[in-house]
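Reassemble the complex: the two chains are provided individually, in unrelated frames, and hints are given to aid placement.
In order, the protein sequence lines correspond to chains A and B. Residue 58 in numbering that gives the first Met the number 0 sits at position 59 of the first sequence, with consecutive numbering throughout. Residue 96 in numbering that gives the first Met the number 0 sits at position 97 of the second sequence, with consecutive numbering throughout.
The set of hints was computed from the structure by calculation and includes no laboratory data. Computed from a predicted model, the values in this text were never measured in an experiment. It cannot be assumed that every hint is accurate.
[Stated by the list, open to error] Partial list, derived from the structure: chain B residues whose beta carbon lies under 7 Å from chain A:
#	residue
1	N19
2	H25
3	A26
4	D29
5	Y64
6	R65
7	I66
8	V71
9	T74
10	S78
Even for Gly, the Cβ is constructed at its ideal location relative to N, Cα and C.
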Amino acid sequence: MPKIEANPRGIPKAPFVEKVEEFCAIGEADATLRSFQEMIAKYKYMQTSLEGRKKSLESKLPEITKTLELVQFMNAKSQAATDQGASPEPLNTHYELSDTLWANAKVDLTDKVNLWLGANVMLEYSLEEAEALLTTKRDAARTTLKQVDEDLEYLREQITTMEVNTARVYNWDVKNRRQTAPTKA
Amino acid sequence: MSMQMEAEVEVNREDQGNINAFSKVHARIDVLDAQYEAKKKELDYLEDLAQEWELADEDDGPFKYRIGDTFVDLTLEESQERLAAATAAVQKELQAMKAQMDEAHAEVARLKKILYGKFGKSINLEM
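Chain B extracted, bound-state conformation (with noise of 0.2 Å):
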């Protein structure tokens, strides 16, 4: 962390829970990233396999349909069910994280602003 501080102003107990709000903010974000990324992953996986499915035919089953750590022989409508169920599941996930990390983004700034209004140069809050 490059948090450094110069002494010119004294910090009070509001900038000590500003710059504390910052910090936990801050690292929130890190780790809302790296989740959003892993379960965009997921996502598109999910995307890519609907699109081969489209050209499964009930005759190609029965599909072996992966269910915890098991396959488990599905027909093609028992298949496309449950990816589409899976689809829905991590889409709203999605959805949840995009929401956290915009609020969290919003957050930084907004802190950002209060610090660097009060602070001027003898902060650094560029990590």
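Here chain A stands alone, though its shape is the one from the complex (with noise of 0.2 Å):
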């Protein structure tokens, strides 16, 4: 048996067969086909539940994208006017109150947001804390994402080579049979 590789997140490294006639004894071929199917199997599963992770953090970036920009454009905004000594205008807004309905309100720019994080928590941060936040968790989602990218071709990769396995030991064992077979006849 060779040494178990993984990648960074421990995914294992499929097997290369080197000679397929090592590897298998004549005979076998069909358990080790079996065997092959269920490590394609497993590999398959990992993907499946990969890709949804890929979904979900694909649908959260733009969420917390959308929250930065807005962060950043007050952030700027209150610190133009205190560079100024002035004490910010009132931003002028039209906010989603529905899916149809869109209404107004004026903004005081005060120096405070309220950041939900999530499991009914909203907590209060300064402009630049927020902004810093928001910032170091796009970074996260991003990497997080880089990441499961990687997996999911280091995934295809494992899965390619145990599809050129599988196709080999076929080969192999078709080839063996028409060999073997007038003999027995």
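In structure tokens, the structure reads:
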């Protein structure tokens, strides 16, 4: 048995069959093929779960980015006003009240915002803190997404290896049967 | 995947690596293509908007510019600045994607040459 290698997230590497005749005894091809099938199924299962994770990250990322954009905008506005020694003008906004209803709101630019953290918790941050936090969150989500993409590519490679292994064992088995068949008959 | 192998030529570890790389990069191209198209559309919208904007007048304002999920009243100058910044950012992303795509296409061509060279008709890399 070759030593089990894995990628940084611990997904095991598919074994490469060096020489089919050494890997698999004559007549044992069926059992080998079945075990290959099992491994492919395991890889595919991981693939499906990672694809789900990728989808959820891909929907989370724009949400963070949107919030960050607005916080950056508010921060820039209030900074600009402070630099001029004035208090910032209130923002005139239209916000979504429900799916088809937009309402007007005058938002005083304070130096505090509340971020919804999930799990029914909302926390107050200064604009700078909020910007820093959201930037960190965004970067973390991007990094995770990149890792998930890497894992998906890695999984694809392992599945390909197993598919090629399957084809080779299968072909080898067919060849063997052809050779042994006439002597049996 | 229509990767068919016949047992005429032995597959060694290096070949397996090349086959894996091929299938990986090939799939990457599909993902990049889709992302590129989506971004390109975004750029088209922004460019259309910039064109409309040339006709805009300060008196038409304030302009309701979407930031995050909210529309904020901006002056003509502010909104144009934001639009220009957004356009530049999208263009930069498109450029980066284009470079990745070119690289992937070159890699696929390189691997095809190697794999067809070794396996000839017993491998099918057209999908």
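Query raised in the report: Given H25/B as an interface hint, is the shortest Cβ-Cβ distance to chain A below 7 Å?
Result: 9 Å, violated
Query - Interface hint outcome for V71/B [beta carbon to chain A under 7 Å] - result: Holds, because the Cβ-Cβ distance from V71/B to chain A comes to roughly 5 Å (cut-off 7 Å).
Query raised in the report: Should the hint that Y64/B touches chain A count as held when the rule is a Cβ pair under 7 Å?
Result: 9 Å, violated
Query raised in the report: Holds or violated: is there a CB of chain A closer than 7 Å to the CB of A26/B?
Result: 6 Å, holds
Query raised in the report: Taking 7 Å as the limit, does the beta-carbon of S78/B come near enough to a beta-carbon in chain A?
Result: 12 Å, violated
Requested in this report: Would you check whether N19/B satisfies its interface hint, that is, whether its CB is within less than 7 Å of any CB in chain A?
Outcome: At about 4 Å, which falls below the 7 Å cut-off, the nearest Cβ of chain A leaves the hint on N19/B intact, so it holds.
Query raised in the report: Is the shortest C-beta separation between R65/B and chain A less than 7 Å?
Result: With Cβ-Cβ at 9 Å, over 7 Å, it is violated.
**Report entry** Per-residue hint verdict: T74/B, partner chain A, C-beta under 7 Å
**Finding:** The hint is violated - T74/B has no Cβ within 7 Å of chain A, the shortest such distance being about 11 Å.
Query raised in the report: Would the stated hint for D29/B survive a check requiring a Cβ distance to chain A of less than 7 Å?
Result: 11 Å, violated
Requested in this report: Under 7 Å, Cβ to Cβ, is where I66/B needs to be relative to chain A, so tell me if that hint holds or is violated.
Outcome: 5 Å, holds
The structure fails to meet hints 2, 4, 5, 6, 9 and 10 from the earlier list, while all remaining hints are met.
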